[in-house]
Amino acid sequence: LTHPGDLDADLAYHGKMLSGEIPTYSLEKRYLRKDASVVWVNLTAAMVRTAAGDPEYFVSVVEDIGARKQAEEEVQQLNAELEQRVLDRTAQLEAANSELEAFSYSVSHDLRTPLRIVDGFSQALLEDHAAELSEQGCNHLRRVRNGVQRMAQLIDDLLKLSRISRAEMTVGNLNLSRLAESVVAELRAAEPERDVEVVIQPGLKAQGDERLMRVVLTNLVGNAWKFTSKRDDARIECGKLPDAEQAPDGAPQFATFYVRDNGAGFDMAYASKLFGAFQRLHSSKDFGGTGIGLATVKRIITRHGGSVWAEGEEGKGATIYFKLQSGGV
Amino acid sequence: MQRKRILLVEDDPDDEALTLRALKRSHILNEVIVAHDGAEALAMLIGDGAEPPTMTELPEVVLLDLKLPKVDGLEVLRRIRANERTKLLPVVILTSSDEQRDLTEGYSLGCNSYVRKPVDFVHFAEAVLQLQMYWLVLNKSAVNWQA
Chain A
785 LTHPGDLDAD LAYHGKMLSG EIPTYSLEKR YLRKDASVVW VNLTAAMVRT AAGDPEYFVS
845 VVEDIGARKQ AEEEVQQLNA ELEQRVLDRT AQLEAANSEL EAFSYSVSHD LRTPLRIVDG
905 FSQALLEDHA AELSEQGCNH LRRVRNGVQR MAQLIDDLLK LSRISRAEMT VGNLNLSRLA
965 ESVVAELRAA EPERDVEVVI QPGLKAQGDE RLMRVVLTNL VGNAWKFTSK RDDARIECGK
1025 LPDAEQAPDG APQFATFYVR DNGAGFDMAY ASKLFGAFQR LHSSKDFGGT GIGLATVKRI
1085 ITRHGGSVWA EGEEGKGATI YFKLQSGGV
Chain B
3 MQRKRILLVE DDPDDEALTL RALKRSHILN EVIVAHDGAE ALAMLIGDGA EPPTMTELPE
63 VVLLDLKLPK VDGLEVLRRI RANERTKLLP VVILTSSDEQ RDLTEGYSLG CNSYVRKPVD
123 FVHFAEAVLQ LQMYWLVLNK SAVNWQA
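Protein chains in written order, with my numbering: chain A, 785 to 1113; chain B, 3 to 149.
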């Protein structure tokens, strides 16, 4: 027995076929079983006519599509649940983000003020009371001021890192070779006495946010520049690995780029520590820095949907690899 | 020569002492008046309700901190710009932070300059000296105009 809800549609098709308007029809409809339960079917009906064209009989195929219908309903329900979960997660992320923003706002305003006071009055002591202090006393005060400067630098770096996470991204076609060249030009201008051989593979194209990717290259090439400072034959290389495999149609194509140097390098045993904030593998006596550079790089590359890793050997040099969507144009 | 006046709006006494110390280093003749919160600054410049402003003559420049008790720095700036007497008064935001929203908000409300206080006192003193040179000597203010 046809479900009352589908009766009209079925009869309408039936009439059209009888009158010769359509030769066949196909309809997803419900039947009622004897026990009044519903069964979904796909009905395909065709009209068989006599040689004179008069209707003779129908041929109907009734296919039970209950399982398919159930699967469809499940998919719909899953989609609805998924959407709800995305909404929930987005709300959570937004809350976390605004908390992070409030936190860095407070760091920016409140944490620097007491540092300024410590530094200001240490300097006041050095200026107004140097005569009353021993040479050692003055030295202690200088150390206090150095500590303050380091703390201030750490706060600024932390703020920078959190700004990177919150910065708006505009992804477009980038020429990484040109970006790297301009970073190298800045480094050469800052330290004209350094003699560093820099080899940049031309035409390195990728998809990314120009401002953020400049930060990445400033950090990577800057690190290579810094960690080769004790070598006479310093060499920095920027390039791209040969494409390993073609991405399937429609999927984004990623390429692996690298920045390589023959500087101080690092022990692979500590490779996992390299990208943590404020992790340093060299003493500040040998090489300066707060240890924020690679953490920043990792955050930016991750925000681009890519990944970053390092290879190195102590005393021989380091290579930082990063995967980015390759440029279309 | 008439002493040029600076209004410093600063709530932290240590910060106030350091800023005054920096301001005194230069040989530019100036008089510094301190307001310790936003409400006090507004009472001096605009007046408090029916009360007339306590500063009869406007300063050459206002050095304004942002984080202030009661009325915060941005609100002070908003009211300065909304008031006929003070709308053209030069205001320099001198604060700890350089968060983008403070900068955007500060300039949107019409500050004339925004300076982040360096942690290093030597650098801070240098910045204060430049502010004095610029706002007291070089710059021509539209308030207190004299032919």
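Treat the hints with care, as some may be off.
[Unchecked claim] One side of the interface only, derived from the structure: several residues of chain B facing chain A at Cβ under 10 Å:
1) D14
2) R87
3) S99
4) F126
5) A127
6) E128
[To be verified] From the derived model, a few chain B residues whose C-beta atoms are all more than 12 Å from chain A:
7) D17
8) T21
9) R27
10) V121
11) L138
[As the list claims (entries may be wrong)] Where chain B lies over chain A, by a calculated footprint (3+ residues, C-beta under 8 Å):
12) 881–895
13) 905–914
Everything labelled a hint here was simulated from the structure, so no lab data went into it.
By construction, the Cβ of each residue, glycine as well, lies at the ideal position given by its N, Cα and C atoms.
Sort out which numbered hints this structure fails and list those numbers smallest first. 2, 6, 7, 8, 9, 10
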